[in-house]
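K.L.:
Below are the chains, spelled out letter by letter.
There are 2 protein chains.
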Amino acid sequence: MLPPASVIRLAGEQRELPYKAPYAGMIPSARKAAIMGDHWQQASQRQPGGQSPETPHGSRIDPYVGQYAERARGMVASEIRALFAVTARPEIVSLAGGSPYVTALPLDAVGEMFGQLVAGRGSAALQYCTAQGDAGLREKICEVMSLEGIRAHPDDVVVTVGSQQALDLITRIFIDPGDVVLAEAPSYVGALGAFAAYQADVVHVPMDDQGLIPEALGEAIAAAGAAGRRVKFLYTVPNFQNPAGVTLAAGRRHAILDICRAAGLLVIEDNPYGLLGFEGEPMRALRADDPQGVVYLGSFSKTFAPGLRVGWAAAPPAVRDKLVLAAESAVLCHSSFAQMAVREYLGTQGWREQIKDFRELYRRRRDAALEALSAQMPDGCEWTRPAGGFYVWLKLPDGINAKAMLPRAVSSRVAYVPGTGFYADGSGAGHIRLSYCFPEPERIREGIRRLASVIETEMELRDTFGTDAIPRGTGVDTPGPGDL
Amino acid sequence: MLPPASVIRLAGEQRELPYKAPYAGMIPSARKAAIMGDHWQQASQRQPGGQSPETPHGSRIDPYVGQYAERARGMVASEIRALFAVTARPEIVSLAGGSPYVTALPLDAVGEMFGQLVAGRGSAALQYCTAQGDAGLREKICEVMSLEGIRAHPDDVVVTVGSQQALDLITRIFIDPGDVVLAEAPSYVGALGAFAAYQADVVHVPMDDQGLIPEALGEAIAAAGAAGRRVKFLYTVPNFQNPAGVTLAAGRRHAILDICRAAGLLVIEDNPYGLLGFEGEPMRALRADDPQGVVYLGSFSKTFAPGLRVGWAAAPPAVRDKLVLAAESAVLCHSSFAQMAVREYLGTQGWREQIKDFRELYRRRRDAALEALSAQMPDGCEWTRPAGGFYVWLKLPDGINAKAMLPRAVSSRVAYVPGTGFYADGSGAGHIRLSYCFPEPERIREGIRRLASVIETEMELRDTFGTDAIPRGTGVDTPGPGDL
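So the protein lines, in turn, are chains U and R. So my numbering is basically just the index in the first sequence, starting at one, shifted up by 153. So my numbering is basically just the index in the second sequence, starting at one, shifted up by 153.
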């Protein structure tokens, strides 16, 4: 059994970390607040007089507490955020983060290429560029998208600061407070964060092991219409979904497109993992069959390197125009250097072979994870079997709370992301996301061994004291970038 | 005299440029619309049935025209945007752009440093990092800010995608539609764009050659209060202001801070040029004397390289926390590579010496510009004499319209930014901004010679036909990043 002291010790150690979450245990999270409509209650909790004793040194009384925009009132860190920071310690096996294994890149060759780029073309690479992005890179991006059946023109593409910025800009141009976004249940935490930042209401649509369920999508659209709600778009990660690891079946893709077209609903197809499948050819993109109805989001973060922050959106012309203007207002333009570096990488470094290497590397790690899960997990656990990407979605035995268990798991030197981070409606406490992308296979096996032991201990607690003995966490999880 | 045909030819050539502005002459600009409250009129102009014959090929009917967020209805490019793109042609002397002269950097040494960074520490440099930014870089940033008297802790700093992203995030966390931002008249166009994107109302406060006028600031605050408006912050570029080239006098700085403190008003101190003064030591920053009342924005775009997009905000703790969360929602995190590259540059490459070299280079160009203006400009022109930075602000003779003149100037192979871009209220048509940062001194002299000739021709037109003969431009200018 794990004493509460271990949790307190972890919390105390936050002070040494680069980012300190000053709200630990103090304020409910952004999305919960948005749903519950308790913005003002939150604000009042932050009044000087209401300052919590937990507020650490350095976070002083906020003289601007009454000044923030309505949208900012929900911008608060969750109490588990700091816990994630400690998962970077070497003794902890982190199955939480979604960091790609960039060490597998040919770092010497990439470094030489970067050096030559500055020495030879530094006057352009170190200068401003246009908000739409480097034209040569946009050509290469069209080549990359053609692997998934997309025929695009470089004019259709806007380069973004990772695909997260594309999510931000799409939401910025489409969402008024209270508008509805349809999204899979569960959905990518970064997308939910962007939607929440513009005060969207996310309505989750069920998935099964074949991905989003067309009938459920139709019902959700009809229900929103009957309730007089304005639905602005469907957000979907069709391939090797984050966090569920499932892929939208080929046979469902046309049905999804037909339903959205009939409803006049734009589709946001977020596809960071599409080229990282372990079996056969890449799936045909939704955008390949409906370029006017789909905004496709891509990223080089998983196929090359997240540290350059190069993603993109391919959009219908009018949407593209708005995205360019929104990007300019947000950051003026992307980094010329990063864009030229990716263009150069795609032009000279055998990127197709590198993706094959990554696929093989992640396939081995997926296999290690699935084998260890089969061998170690107690009865009552269920999990998905991803055919690509980074994630396994695991259902805990009944009565086990993923969030309440997390501090004890970290004390047992294994970390994961509780399922609550992937829902806008507070559900998901019965699930966890396990990432197999970063640790070596032997570490994955060790981490799953530790996790199985933690779950078994929780089950003993449950059987002895009932589910009420497990303290329930508060707030929705918002892990940091390294955890996504 | 310049025939209208020359203008038409330029417009026709837009089609070859990477970014096409499909709205030329069709729709009033974002800020004008925001002020006039004619969002819906704009939207209706874009209905399929109302499509203008000027809409170029490739910009099809927009099926999402009724779907955009309220804030996006104003996101439209101005008709002069495409004109700026042609200023990149070698035959044109562009005094429009604000691009620093990065060719003066030691490109071989910087390239070697970049290469070693990836080869030696690529596993970190190509990976995700935290949303607040690289801790080592934030330490170095504090060292840079200490040159202006700021005593900051790395915890106070948030690294941003250029200081434009800091402007975006500050506006995002503080501005509800209709809130007032106080800003100098004129003000930086990128800041006005960020304020407009969140539907702020900008109230301009007059400057003179000593910068912002404290009495005028006090009056603006009082007037806004009397009108029941919510003023959220003062936005100011105190040093070598963009576009006016003036510097806030030392004797006024405490007065400005006192007025804002008494009004409970946050100050946004945007300082990209502070270290690029031509005379004496850097001015003491506003933040140096009121760290709780000032958010300081800095940038490496002018002292190192804009192509890495590394800027920062130093903010009071509670504001910093909101900025970190907003940054995460917007882009997850900044580029590890770019941050480590700047950190490495500051640690190894003699950045203080490089800034001295830049100062000397820009001083020579400023001198060339001022000498040529004195020698060439016709009576009736007046201009500022900047003691640093990139810009001269020139008042045209009465009755000459800067925007109407621009196509003729470009036909005469010289470009500038019309003053209208730097006001949220549609004024500024009697001014132009001239940048001396990028062209060689001889080119600056040639450009000013051409410009003087264009102005003289305008004056002849004015004297012959009266001011009505000069066609008035419509909309407010929103130049692209390369023009700022």
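Hints may be right or wrong, so weigh each one.
Just so you know, same-sequence chains aren't split out, so a pair can sit in one copy or run between any two.
The calculated lysine to any residue pairs, modelled on SDA-like cross-linking and capped at a C-alpha distance of 25 Å, are [claimed, not checked]:
1. Lys509 x Ala377
2. Lys509 x Ala222
3. Lys509 x Ser276
4. Lys509 x Ala605
5. Lys509 x Ala277
6. Lys548 x Thr501
7. Lys548 x Gly219
8. Lys509 x Met612
9. Lys548 x Asp411
10. Lys509 x Ala272
11. Lys509 x Pro216
12. Lys548 x Ala416
13. Lys509 x Ala441
14. Lys548 x Glu223
15. Lys548 x Gly331
16. Lys509 x Glu595
17. Lys548 x Phe618
18. Lys509 x Gly371
19. Lys509 x Arg274
20. Lys548 x Ala272
21. Lys509 x Ala528
22. Lys509 x Leu410
23. Lys548 x Gln363
24. Lys509 x Gln220
25. Lys548 x Asp308
26. Lys509 x Leu523
These are computed hints drawn from the structure, not numbers from a lab.
K.L.:
If a hint holds in the structure, say so; if it does not, say that too.
P.N.:
Comparing the hints with the structure gives:
Proximity of Lys509 and Ala377 under a CA criterion of 25 Å is satisfied in neither setting, with 43 Å inside one chain copy and 62 Å between copies. Taking identical chains as interchangeable, the C-alpha atoms of Lys509 and Ala222 are never at most 25 Å apart, the minima being 47 Å within one chain and 41 Å between chains. When the C-alpha separation of Lys509 and Ser276 is checked against a cutoff of 25 Å, the pair qualifies only between copies, where the shortest distance is 19 Å, while the shortest distance within a copy is 34 Å. For a Cα distance limit of 25 Å, the shortest separation of Lys509 from Ala605 qualifies neither inside one copy, at 32 Å, nor across copies, at 61 Å.
Proximity of Lys509 and Ala277 under a CA criterion of 25 Å is satisfied inter-copy only: 22 Å between copies versus 32 Å inside one chain copy. Neither within a single protomer nor between protomers do Lys548 and Thr501 lie at most 25 Å apart by alpha-carbon distance, with minima of 43 Å and 51 Å respectively. Proximity of Lys548 to Gly219 under the C-alpha cut-off of 25 Å is found in neither arrangement, the shortest distances being 42 Å within a copy and 41 Å between copies. In this assembly of identical chains, Lys509 and Met612 lie within 25 Å of each other by CA distance neither inside one copy nor across copies; the values are 41 Å within and 67 Å between.
Proximity of Lys548 and Asp411 under a CA criterion of 25 Å is satisfied in neither setting, with 32 Å inside one chain copy and 58 Å between copies. When the C-alpha separation of Lys509 and Ala272 is checked against a cutoff of 25 Å, the pair qualifies only between copies, where the shortest distance is 22 Å, while the shortest distance within a copy is 31 Å. For the identical chains of this complex, Lys509 and Pro216 are neighbours neither inside a copy (54 Å) nor across copies (39 Å), given an alpha-carbon limit of 25 Å. With identical chains, the CA atoms of Lys548 and Ala416 are never at most 25 Å apart, being 33 Å at best within one copy and 54 Å at best between copies.
For the homomeric pair Lys509 and Ala441, the shortest alpha-carbon distance inside one copy (23 Å) is at most 25 Å, but the shortest distance between copies (53 Å) is not. Proximity of Lys548 to Glu223 under the C-alpha cut-off of 25 Å is found in neither arrangement, the shortest distances being 36 Å within a copy and 41 Å between copies. When the C-alpha separation of Lys548 and Gly331 is checked against a cutoff of 25 Å, the pair qualifies neither within a copy, at 31 Å, nor between copies, at 47 Å. Taking the shortest Cα distances, Lys509 and Glu595 sit within 25 Å of each other inside one copy (22 Å), while across copies they are farther apart (54 Å).
Taking identical chains as interchangeable, the C-alpha atoms of Lys548 and Phe618 lie at most 25 Å apart only when both belong to the same chain, with a minimum of 21 Å there against 80 Å between chains. In this assembly of identical chains, Lys509 and Gly371 lie within 25 Å of each other by CA distance neither inside one copy nor across copies; the values are 37 Å within and 64 Å between. Taking the closest pair of Cα atoms, Lys509 and Arg274 come within 25 Å of each other only across two copies (24 Å); inside a single copy the shortest separation is 30 Å, beyond that limit. Taking the shortest alpha-carbon separations for Lys548 and Ala272, neither the intra-copy value of 52 Å nor the inter-copy value of 41 Å comes in at or below 25 Å.
Taking CA atoms no more than 25 Å apart as the test, Lys509 paired with Ala528 passes in neither setting, with 28 Å inside one copy and 65 Å between copies. In this assembly of identical chains, the alpha carbons of Lys509 and Leu410 never lie at most 25 Å apart, being 30 Å within a copy and 59 Å across copies at closest. Proximity of Lys548 to Gln363 under the C-alpha cut-off of 25 Å is restricted to the intra-copy arrangement: shortest distance 17 Å within a copy versus 66 Å between copies. Within a single copy, Lys509 and Gln220 get their C-alpha atoms no closer than 51 Å, and across copies no closer than 40 Å, so neither meets the 25 Å cut-off.
Neither within a single protomer nor between protomers do Lys548 and Asp308 lie at most 25 Å apart by alpha-carbon distance, with minima of 43 Å and 38 Å respectively. In this assembly of identical chains, Lys509 and Leu523 lie within 25 Å of each other by CA distance solely inside one copy; the values are 21 Å within and 59 Å between copies.
Checked against the numbered hints above, the structure violates hints 1, 2, 4, 6, 7, 8, 9, 11, 12, 14, 15, 18, 20, 21, 22, 24, 25; every other hint is satisfied.
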